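Peer 1: Residue numbers (the numbering used here), protein chains in the order written: chain E, 1 to 447; chain D, 1 to 237.
Careful: at least some of the hints might be erroneous.
[Stated by the list, open to error] Under the rule of at most 25 angstroms between Cα atoms (straight-line distance), these lysine to any residue pairs were calculated in the SDA-like manner:
hint: 1; chain 1: E; residue 1: K217; chain 2: D; residue 2: K27
hint: 2; chain 1: E; residue 1: K36; chain 2: E; residue 2: G102
hint: 3; chain 1: D; residue 1: K27; chain 2: E; residue 2: I384
hint: 4; chain 1: E; residue 1: K217; chain 2: D; residue 2: T4
hint: 5; chain 1: E; residue 1: K399; chain 2: D; residue 2: Q42
[Unchecked claim] Not the full set, but computed from the structure, chain D residues with beta-carbon under 10 angstroms of chain E:
hint: 6; residue: Q23
hint: 7; residue: R32
hint: 8; residue: L67
hint: 9; residue: C69
hint: 10; residue: K73
hint: 11; residue: T74
hint: 12; residue: N147
hint: 13; residue: N170
hint: 14; residue: D173
hint: 15; residue: A175
hint: 16; residue: L179
hint: 17; residue: P191
hint: 18; residue: A228
hint: 19; residue: R230
hint: 20; residue: Y231
Hint data in this document are derived by calculation from the structure and do not stem from the laboratory.
No experiment lies behind these values; they were computed from the predicted model shown.
Ideal Cβ positions, reconstructed from N, Cα and C, are used throughout, including at glycine.
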Amino acid sequence: MRVRRLIAVWTAKIVSTACRFSGRQGVTLAGRIALKLDPKILSDLASMVREEIFVVCGTNGKTTTNNLLCSAIESEGKKLVCNHTGSNMLAGVAAAFVLAAGNNGKLDADYACIEIDEASTLRIFPHFKPDYMVLTNLFRDQLDRYGEIDITMDILDRAMKMAPGMTLIVNGDDALSEYLAMKSGNPYKTYGISEQVFKEQSSEQGSHEIREGRFCKNCGARLEYEFYHYSQLGKYHCPECGFTRPEIDFDASHIDMSDGLGFEVEGRQIRADYRGFYNIYNILAAYSAARTAGLALANFDDVLKKFNPQNGRMEQFEIEGTHIVLNLAKNPAGFNQNISAVMEDEKPKDIIIVINDNAQDGTDISWLWDVDFDRFAQESIRSITVSGIRCQDMRLRMKYVDIPSELIADVKSAIEARIKDGCGNLYVLVNYTALFSTRNLLVGMQN
Amino acid sequence: MKITIGHLYPDLLNLYGDRGNIQCMRKRCEWRGIEAAVREFQLSDPIDFAKLDIVLLGGGSDREEMLVCERLKTIQKDFKAYVEDNGVVIAVCGGYQLLGHYYDTDDGRIEGLSLVDLYTEQGSPRLISNIVIENELFSQPIVGFENHGGRTYIGDNQPLGKVRFGYGNNGKDGAEGILYKNVVGTYLHGPLLPKNPQVCDHLIGNALERKYGKSELAPLDDSQELEANRYIVERFC
Numbered sequence: 001m002r003v004r005r006l007i008a009v010w011t012a013k014i015v016s017t018a019c020r021f022s023g024r025q026g027v028t029l030a031g032r033i034a035l036k037l038d039p040k041i042l043s044d045l046a047s048m049v050r051e052e053i054f055v056v057c058g059t060n061g062k063t064t065t066n067n068l069l070c071s072a073i074e075s076e077g078k079k080l081v082c083n084h085t086g087s088n089m090l091a092g093v094a095a096a097f098v099l100a101a102g103n104n105g106k107l108d109a110d111y112a113c114i115e116i117d118e119a120s121t122l123r124i125f126p127h128f129k130p131d132y133m134v135l136t137n138l139f140r141d142q143l144d145r146y147g148e149i150d151i152t153m154d155i156l157d158r159a160m161k162m163a164p165g166m167t168l169i170v171n172g173d174d175a176l177s178e179y180l181a182m183k184s185g186n187p188y189k190t191y192g193i194s195e196q197v198f199k200e201q202s203s204e205q206g207s208h209e210i211r212e213g214r215f216c217k218n219c220g221a222r223l224e225y226e227f228y229h230y231s232q233l234g235k236y237h238c239p240e241c242g243f244t245r246p247e248i249d250f251d252a253s254h255i256d257m258s259d260g261l262g263f264e265v266e267g268r269q270i271r272a273d274y275r276g277f278y279n280i281y282n283i284l285a286a287y288s289a290a291r292t293a294g295l296a297l298a299n300f301d302d303v304l305k306k307f308n309p310q311n312g313r314m315e316q317f318e319i320e321g322t323h324i325v326l327n328l329a330k331n332p333a334g335f336n337q338n339i340s341a342v343m344e345d346e347k348p349k350d351i352i353i354v355i356n357d358n359a360q361d362g363t364d365i366s367w368l369w370d371v372d373f374d375r376f377a378q379e380s381i382r383s384i385t386v387s388g389i390r391c392q393d394m395r396l397r398m399k400y401v402d403i404p405s406e407l408i409a410d411v412k413s414a415i416e417a418r419i420k421d422g423c424g425n426l427y428v429l430v431n432y433t434a435l436f437s438t439r440n441l442l443v444g445m446q447n
Numbered sequence: 001m002k003i004t005i006g007h008l009y010p011d012l013l014n015l016y017g018d019r020g021n022i023q024c025m026r027k028r029c030e031w032r033g034i035e036a037a038v039r040e041f042q043l044s045d046p047i048d049f050a051k052l053d054i055v056l057l058g059g060g061s062d063r064e065e066m067l068v069c070e071r072l073k074t075i076q077k078d079f080k081a082y083v084e085d086n087g088v089v090i091a092v093c094g095g096y097q098l099l100g101h102y103y104d105t106d107d108g109r110i111e112g113l114s115l116v117d118l119y120t121e122q123g124s125p126r127l128i129s130n131i132v133i134e135n136e137l138f139s140q141p142i143v144g145f146e147n148h149g150g151r152t153y154i155g156d157n158q159p160l161g162k163v164r165f166g167y168g169n170n171g172k173d174g175a176e177g178i179l180y181k182n183v184v185g186t187y188l189h190g191p192l193l194p195k196n197p198q199v200c201d202h203l204i205g206n207a208l209e210r211k212y213g214k215s216e217l218a219p220l221d222d223s224q225e226l227e228a229n230r231y232i233v234e235r236f237c
């Protein structure tokens, strides 16, 4: 069988090198070929990981959390396997292991940090059982692909039961994640933010944001909230059955967003130079996972300072005097957090929104209407340009909150136009398949 | 002039941008100087149908439909009277299924409102697609997105449209949705109304007609709406 594995590893490496310029497609193809040549390759290589295997699941924040966790573990001097590119289905996960293997077909790694698409857990766990699973949150996303959020929860429930020894690290502020963890029987730790951060999120009326799981998954009664952070994340309890937000093991306090992000956890001061409240959760998730596994994280501050994943998550570019921030926004919860992050920047700014409806985006773009775009009706927003395959729908979305927008279907032309006549501060918000092409455009224009 | 839109159980039935349908009705009234109030009802709230001009029943997951259906029994009589009195209803996806007698799922029967003579059975696979339908009432095709496990059968009732692309009620008989008195039931979200301004104006017009006996709607500049509509038609038909 060793020969089989060697052939699979070599072939995958050749394929991946040959397709390097096609990005993710090359990675997925390499993984698919490796699995075909040696169906046991993923389980064999995963069993060579000397210490622990982490997987990261959840609707939003998977890639950032996983990459942060990876950097944090690397800073402890450990070797690891990670699917950095975000190829998170079976073939992509297999590719991460195969491409990390040496030419002798063996893996030299202490840890693995693998993000997994929730729906793919059931196909991946037969190959290996992770030691830890981080569950970041559950929001509505790509309903055309996954059906209803209940279906995703059901899949995760089955996945957790396939790996009963796997320790979960869940966002305790999310009633849906907490319910899954509680019900799974797996050991679990929680992270969360126990203090109220946003005054206006104190009640139902404070925001019209779409919230998932308003009703107790345990008994069906309406959950009561002391406050929300965003979407359905907050401090909740069920008045009927006693289901409640758990004791938080890793509790972030003293949240400070005046200059970047700052908070305290386990008595440590954490500072990061990013925007977006949601990134506190990403940092906290990675921190909690590593700490749960017993890592000291002595250099965590340094990790955050150096963290620059260059993957279109709040990635910055300078092109002909225009400062450009590229960010992924692919579902209502993510987009609303993106809008908050953009509005934290009080300077004048132009916005380009790129919406595609390819299979990986979800072909249903109804979710645009669940995003609170009316929040862009602010003085500091100088212009809004809509682009991408479904730019017509996006323009209509803006029309129905009385915000005019300019339609430039071609993304490159849209960016060029705003560099030329904009205010020098440009945000480009894109959904999934637009991310890679737009990022390539920006990298090309910058050089 | 003023119309009141009742949004039923948005906490439970709020999948797929139903807010877009509300927003569309609201704006198209406002732009014409018609006052539009939206009232949201939670499960425990009593509903006075006499104070409503349009009722929106949105989509939810099967599980959520099950929760709603319990409550619906208590308002069935009033709701039925409203419909028979030509009250305007727009019911989408899960809400559309609830208009009928029942929805048989693998986990048991969800009892409907029996407001309209139709029934639904769960089938496999889910019917997921962009969709284009046509009805002579409207000069423009109706476009949207469908995503439903249920197969709905409307008997001799008039459908909302004939399927040109996509699946429709059950993927077999070429019909999509239902028109019964002033009730519109459909699987189309996307959401339904913004890209189909004629359907939106049909609802508003019927509500005004019922309330004031006249319904002259001032024309609006719908060029962006129609361009978005045409894009879908040209791409899929």
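Peer 1: Please go over all the hints and tell whether each is borne out by the structure.
Peer 2: Taking the hints in turn, this is what the structure says about them:
1. E:K217 - D:K27: Violated, at roughly 35 angstroms.
2. E:K36 - E:G102: Satisfied, since the Cα-Cα distance of roughly 19 angstroms is no more than 25 angstroms.
3. D:K27 - E:I384: This hinted pair holds, its Cα atoms lying about 20 angstroms apart.
4. E:K217 - D:T4: At roughly 33 angstroms apart (the allowed maximum being 25 angstroms), D:T4 and E:K217 break the hint.
5. E:K399 - D:Q42: Answer violated: E:K399 to D:Q42 is near 29 angstroms, above 25 angstroms.
6. Q23: holds, 5 angstroms
7. R32: It is violated, given that the least Cβ distance between D:R32 and chain E is near 14 angstroms, above 10 angstroms.
8. L67: holds, 6 angstroms
9. C69: violated, 12 angstroms
10. K73: violated, 16 angstroms
11. T74: This hint is violated: D:T74 lies away from chain E, its Cβ roughly 16 angstroms from the closest one there, beyond 10 angstroms.
12. N147: D:N147 check passes; min Cβ-Cβ to chain E is 5 angstroms, inside 10 angstroms.
13. N170: Result: violated, 18 angstroms to nearest chain E Cβ.
14. D173: Violated: closest Cβ of chain E sits about 23 angstroms from D:D173, beyond 10 angstroms.
15. A175: violated, 22 angstroms
16. L179: Status violated, d = 22 angstroms.
17. P191: Cβ of D:P191 sits 5 angstroms from chain E, so the hint holds.
18. A228: With Cβ-Cβ at 4 angstroms, under 10 angstroms, it holds.
19. R230: holds, 9 angstroms
20. Y231: holds, 5 angstroms
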